[in-house]
Amino acid sequence: KAGVTQTPRYLIKTRGQQVTLSCSPISGHRSVSWYQQTPGQGLQFLFEYFSETQRNKGNFPGRFSGRQFSNSRSEMNVSTLELGDSALYLCASSFIGTANYGYTFGSGTRLTVV
Amino acid sequence: ELKVEQNPLFLSMQEGKNYTIYCNYSTTSDRLYWYRQDPGKSLESLFVLLSNGAVKQEGRLMASLDTKARLSTLHITAAVHDLSATYFCAVDTRGNNAGNMLTFGGGTRLMVKP
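Sequence order for the protein chains is V and E.
Note that the numbering used here gives residue 51 to position 51 of the first sequence, counting from 1, and the numbers run on in steps of one.
Position in the second sequence counted from 1, then plus 1000, gives you the numbering used here.
The shape of chain V in the complex, shown without the other chains (with noise of 0.2 Å):
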């Protein structure tokens, strides 16, 4: 089966702009989550989706944003982007509710800021 898709793979933007990064979970998965990979900070949670409805989200300004549509697909958004926003962006699925709980991870979406 199809895995986690993300796109695109690869961005660079300017300071100030803002960006949205999508991601596609696996067919049937209603679970998506978002982590930002860093040298300096490592691998972060930013939010968690499920039923559209956003149920966790980590230690981020508002600038960090994200929805999920009636399909499971999520975006996030970062708006006014800063240096420090340069990072892998990696999104999860998961299937709630089975003994194989657990969460597959798309390719990324690496962001430059320059």
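The hints are simulated quantities; they were obtained by calculation from the structure and are not laboratory data.
Computed from a prediction, not measured in an experiment: that's the story for all the values here.
Just to be clear, a hint being listed does not mean it is correct.
[As the list claims (entries may be wrong)] Distance condition first, Cα-Cα at most 27 Å in a straight line; then the derived DSSO-like pairs of lysine-lysine: (1) E:Lys-1017 with E:Lys-1056; (2) E:Lys-1041 with V:Lys-13; (3) E:Lys-1041 with V:Lys-57; (4) E:Lys-1017 with V:Lys-57; (5) E:Lys-1041 with E:Lys-1056.
Starting from the known structure of chain V, fit chain E onto it as the hints suggest.
Just chain E, lined up with the frame of chain V:
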């Protein structure tokens, strides 16, 4: 706040040797995951540990979970160069609004030398 500590952070090994990576965490959780990450790539799921005493093995890697000690180990047997990568443990916890989130350790960068 949940803390997940991995050690060592860097491990250089000779091929054929055995070693263990440790993952300690600071709060109660019954679910812990191990991931592998190659440079510039996403996270590849290695093991899903869902209960106290869980032990899983795949090839030269074996993972275990002791929820009472809040400790998981990833044991490498007879290391080969192909195992060179960064390994992360991640603890799955429930957030304030019913959703789950992963808290990652800092990662162990493994280099296996011939």
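Against the structure, the hints:
Taking the CA atoms of Lys-1017 (chain E) and Lys-1056 (chain E), the gap is about 20 Å. The hint holds against a cut of 27 Å. This hinted pair checks out: Lys-1041 (chain E) and Lys-13 (chain V) have alpha carbons roughly 21 Å apart, not beyond 27 Å. In summary, the hint linking Lys-1041 (chain E) to Lys-57 (chain V) is supported, as the alpha carbons are separated by about 25 Å, within the 27 Å threshold. Using a Cα cut-off of 27 Å, the hinted pair Lys-1017 (chain E) and Lys-57 (chain V) is violated, with the two alpha carbons roughly 42 Å apart.
At roughly 24 Å between alpha-carbon atoms, Lys-1041 (chain E) and Lys-1056 (chain E) fall within 27 Å of each other, so this suggested pair holds.
Violated hint: 4 only; the structure is consistent with all others.
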